[in-house]
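Novice: Protein chains in written order, with our numbering: chain A, -17 to 71; chain B, 31 to 309.
Simulated from the structure, these hints should not be mistaken for laboratory data. Misleading hints may appear alongside valid ones.
If you want the ones that stay clear, here's a sample from chain A, every Cβ over 12 Å from chain B, calculated [to be verified]:
hint : residue
1    : -8
2    : -7
3    : 1
4    : 4
5    : 19
6    : 34
7    : 39
8    : 47
9    : 50
10   : 56
11   : 66
Quick look at which bits of chain B chain A covers, simulated, 3 or more residues with Cβ under 8 Å [said to hold, decoys possible]:
hint : region
12   : 251 to 261
13   : 279 to 286
If we take Cβ atoms under 8 Å as the criterion, some of the chain A residues that face chain B in the derived model are [said to hold, decoys possible]:
hint : residue
14   : 3
15   : 12
16   : 14
17   : 17
Predicted model, so just to flag it, every value in this text is computed and none were measured. Just so you know, even glycine gets a beta-carbon here, dropped at the ideal spot from N, CA and C.
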Amino acid sequence: MDTPQRPNRAEGYNLEPLDDELLLYHPARTQAIYMNATATLIWGLCDGRPIEAITETLVAAYPDAAATLPAEVRATVEKLAAFAAIVES
Amino acid sequence: MKHRRVVGFAGTTIAVDAEGPAAWSLVQFLFRDMAEAASVADLSFEIGPGSAAGTLRLTQGGQILNAQDGPGAIGAHLTSDAARQIAERTSGGLLLHSAAVAWNGRAVVLPGASGAGKTTLCAHLVQRGLSYLTDELAMMSFREDAAATVEGFCRPMAIKPGAWPSLEIDLATDADAGDSLVTSDGYFVRPERLNSSAVRTATVHAFVFPRRAPREAAALRRLTKAEAALALLANLVNARNLPEHGLALVTRLAKTIPAFEAVYTDAREMAPAVHDIVR
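Using the sequences and the hints given, assemble the complete structure.
Specialist: Next comes the structure, spelled out in structure tokens:
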């Protein structure tokens, strides 16, 4: 599967915030996805902007993690795309 | 001579009619610790003599489910079918595929898929003196004071052969003592055989998700609330009967009850740490 280049959140998911993490639940698919704090931030930025812009936004906010964030953003987007929780804009 | 036992669990009443002393003895063994219920049953089973000596016949509504096995295998068939049908109809709370034990009224709930090791860990905790609630189905609900409670499907523990050495009990030589029974893949063991007893309900104090991992050191890791909610959803057996598939109730439990992942090779090494959670 190709990594979405302009990822956008898919419809139909219930969001259950639990502290700084998130549970995405799709009732029709009876599918739940665990999101740690970083994945929750990435999910929130999946609004159709380019994947590079998501990374740049997070690097600006967390410069100490600049070395690892690009791979983490890509891996999270790929994981969410595999669940069909995000789609290409 | 016919006897009838009617028990209740999770709002469902189960009646079992027994014909003959062997069938009645089995019914008493299986359901001794479950609550008596009204005589009007939601599920009805019948057990009588089988076609060959030493066998029993299990039927439901006249339909033969098993007519060729001994008491232990018939008991396993009956409790398995009853548990499945209870899961299909329960809508009054969260029903988890789970074991559960309690210490002074405080329960540790041990959800897990088949083979996760929940019965073995449960047996070791019972052997340490914790009370037994279930090794198969746990019904979660909330009291008016908001405390979460658990009710156990209190059949005898279904212990597989791999667990016997660590429990250090010789089931093979005293299977007829009244507290254990041979099944097709192990033994049914009542908590008295492990020097403890059963309780029907307790206040939920913690969730522990067992995970056997060969060659890993025993470790108890606190789960985040989101991790706990995901793990609870994975072990929920009546989601289809609940509003929003039980998500609101699951997250309420995850927010209020501490949850842990127990990773271990030998349940005997993990039991003291789990016991400490409720001690």
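Novice: Determine for every hint whether it applies to the structure shown.
Specialist: Hint-by-hint comparison with the structure:
1. No Cβ of chain B comes within 12 Å of the Cβ of residue -8/A; the nearest lies about 17 Å off, and the non-interface call holds.
2. The beta carbon of residue -7/A sits about 16 Å from the closest Cβ of chain B, which is more than 12 Å, so the claim that it is off the interface holds.
3. Some Cβ of chain B comes within 12 Å of the Cβ of residue 1/A; the nearest lies about 6 Å off, and the non-interface call is violated.
4. Once the 12 Å rule is applied to beta carbons, residue 4/A is inconsistent with being away from chain B; the minimum gap is 6 Å.
5. Taking the minimum C-beta to C-beta distance to chain B, about 9 Å, the non-interface status of residue 19/A is violated against the 12 Å cut.
6. Residue 34/A, annotated as away from the interface, keeps every beta carbon of chain B farther than 12 Å; the closest lies near 28 Å.
7. Against chain B, the non-interface label of residue 39/A holds: every CB pair exceeds 12 Å, the least being about 23 Å.
8. Taking the minimum C-beta to C-beta distance to chain B, about 19 Å, the non-interface status of residue 47/A holds against the 12 Å cut.
9. Remark: the non-interface label on residue 50/A is consistent with the geometry, its nearest Cβ contact in chain B lying 20 Å away (cut-off 12 Å).
10. Residue placement check: residue 56/A keeps its beta carbon more than 12 Å from all beta carbons of chain B (closest about 22 Å).
11. The claim that residue 66/A is not at the interface with chain B holds, since no C-beta of that chain comes within 12 Å of its own (minimum 18 Å).
12. Only residues whose C-beta sits within less than 8 Å of a C-beta in chain A count toward coverage, and the region 251 to 261 of chain B has 6 of them, enough to reach three; the restraint holds.
13. Requiring three or more residues with a Cβ within less than 8 Å of a Cβ of chain A, the coverage given for the region 279 to 286 of chain B holds, as 3 such residues are present.
14. At about 4 Å, the closest approach between the beta carbon of residue 3/A and any beta carbon in chain B falls short of 8 Å, and the interface hint on this residue holds.
15. At a threshold of 8 Å, the smallest CB-CB gap from residue 12/A to chain B is about 6 Å, leaving the interface hint in force.
16. The interface hint given for residue 14/A holds, since its Cβ lies 5 Å from the closest Cβ of chain B, which is under the 8 Å cut-off.
17. Interface restraint check for residue 17/A: the shortest CB-CB distance to chain B comes to about 7 Å, inside 8 Å, so the restraint holds.
Going through the hint list in order, the structure does not satisfy hints 3, 4, 5.
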